[in-house]
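*Asks:* Sequence:
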Amino acid sequence: MARSATDTAGPLSVYRRMREAVLGAEATLLPAELLAEDVVVETPFSPPGAGRHEGRDAWLEHYRTNGAALLVRFERFRELATHQTDDPEVIVVEYELTGTVTATGVRSSVTCIGVLRVRDGLIRHWREYQDVLAISEALSRRPEDG
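Residue numbers for the sequence shown follow UniProt numbering, beginning at 1 and rising by one.
Quick caveat, the hints were computed from the structure, so don't treat them as lab data. Source: prediction; values computed, not measured. Hints should not be assumed to be uniformly reliable.
Claimed, not checked - Computed Cβ-Cβ distance ranges for the label pairs, DEER-style:
{"no.": "1", "residue 1": "ARG142", "residue 2": "PRO88", "range": "43 to 49 Å"}
{"no.": "2", "residue 1": "GLU37", "residue 2": "LEU71", "range": "37 to 43 Å"}
{"no.": "3", "residue 1": "ALA58", "residue 2": "TYR129", "range": "16 to 22 Å"}
Even for Gly, the Cβ is constructed at its ideal location relative to N, Cα and C.
Make the full structure from the sequences, and use the hints.
*Replies:* Here it is as structure tokens:
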């Protein structure tokens with residue numbers, strides 16, 4: 001039986017599930033069960049060649065081999081703002097992730113802005129603008145750097 005529009009999760013509900021997943025044992029911001037098969041994941045400020053992934057399988061493979069969860073244990077997800085848009089499928093979110101770099105024990109935070117499109121309860125498009133400088137600094141800092 002097909003789900004009706006009222007039975008499916010909208011972008012705010014899906015975003016809340018994303019927040020929970022990033023702090024879980026299998027930390028990921030984009031859980032596989034929330035991704036449409038043809039999802040597009042973009043991180044425009046990423047290094048060349050790493051900023052766009054088309055399809056659930058392509059994204060999951062990238063995340064398994066290059067994902068932040070391999071380098072950071074996330075401990076806190078602080079929502080800064082959530083903005084509704086004129087499009088009922090889209091919200092814009094501002095948030096701060098705090099975690100510990102697993103190799104060094106250095107604790108740090110990064111602020112991000114995400115644009116989330118959800119249709120039929122699944123993520124169709126996720127575009128995340130990350131503070132790449134803060135991420136690079138956290139990953140290169142040593143515990144003795146203070």
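*Asks:* Decide, hint by hint, whether the structure agrees.
*Replies:* Okay, the hints, checked on the actual structure:
Remark: the range hint 43 to 49 Å for ARG142 to PRO88 is upheld by a beta-carbon distance near 47 Å. Under the hint 37 to 43 Å, the C-beta atoms of GLU37 and LEU71, about 28 Å apart, miss the expected range. Taking the beta carbon of each, ALA58 and TYR129 are about 20 Å apart, inside 16 to 22 Å as hinted.
Consistency note: the structure conflicts with earlier hint 2 alone.
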